[in-house]
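From just these sequences and the hints, can you work out the full model?
Spelled out from the first residue to the last, the chains are:
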Amino acid sequence: SQTIHQWPATLVQPVGSPLSLECTVEGTSNPNLYWYRQAAGRGLQLLFYSVGIGQISSEVPQNLSASRPQDRQFILSSKKLLLSDSGFYLCAWSEMGLAGLGYFGPGTRLTVT
Amino acid sequence: AQSVSQHNHHVILSEAASLELGCNYSYGGTVNLFWYVQYPGQHLQLLLKYLSGDPLVKGIKGFEAEFIKSKFSFNLRKPSVQWSDTAEYFCAVTTFKAAGNKLTFGGGTRVLVKP
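Line order of the protein sequences matches chains A and B.
Just so you know, we're using our numbering here: the first sequence kicks off at 1 and counts up by one.
Just so you know, we're using our numbering here: the second sequence kicks off at 1001 and counts up by one.
It is worth saying that the hints were derived from the structure and are not from the lab.
Possibly wrong hints are sitting among the right ones.
Residues from chain A that face chain B, not an exhaustive set, calculated with beta carbons under 10 Å [unchecked claim]:
hint, residue
1, Ile4
2, Trp7
3, Asn32
4, Gln38
5, Glu59
6, Gly102
7, Tyr103
8, Phe104
9, Pro106
Partial selection, computed: residues in chain B whose CB lies under 10 Å from chain A [to be verified]:
hint, residue
10, Ile1012
11, Gly1022
12, Tyr1036
13, Gly1108
14, Leu1112
Values in this document were obtained by computation on a predicted structure and should not be read as measured data.
Don't be surprised by glycine CBs; every beta carbon is placed ideally from N, CA and C.
Now the structure itself:
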């Protein structure tokens, strides 16, 4: 069965510090991978998606970047965090060619102080 | 670009009451539509989806949704809610032109069912 892992679960970081959130997927090959940010009352905002290793598409200009060094690994990063980067970050995947997301990860609650 | 609107941000109702959550999208082409649910402390999970065929779609836990193309709507319904239906519900849409099957989500509706 497919499983998606995210860590850390919670993170408190000072402004200007770097960020690295990791997401890994098990039980599937060559998935589409996504990073979403969830804000209260504003639903889920797609930040990045990837259809393959090294292929990253950015949806919104921001202080964040993403990388996919392996087929089932997706990393969200920042060199210098801003207060506005605080939020709940979700990783998700879907099978290639199939509409709709398969599974969401448990999420990371990021607080920038 | 497509967008999704969920007009009710918060809904409070009693057990056994009927539930209907509105969802409208803006896109003139062929769409796939989804409802996701997030129970307190749990992951987002798929409730039901419309890809093609019968516009009345049945999902898990007694939920159903009807796709009305002329109204650009995909409303979620449940005839009799339970306390365990307390959750946040998200409508989402993707199109065949959306690269990477990416979904556009609505703002979500928080539903509180009072016992």
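Each hint, compared with the structure:
no.	hint	verdict
1	Ile4	8 Å, holds
2	Trp7	14 Å, violated
3	Asn32	5 Å, holds
4	Gln38	8 Å, holds
5	Glu59	8 Å, holds
6	Gly102	8 Å, holds
7	Tyr103	7 Å, holds
8	Phe104	4 Å, holds
9	Pro106	6 Å, holds
10	Ile1012	16 Å, violated
11	Gly1022	14 Å, violated
12	Tyr1036	8 Å, holds
13	Gly1108	5 Å, holds
14	Leu1112	15 Å, violated
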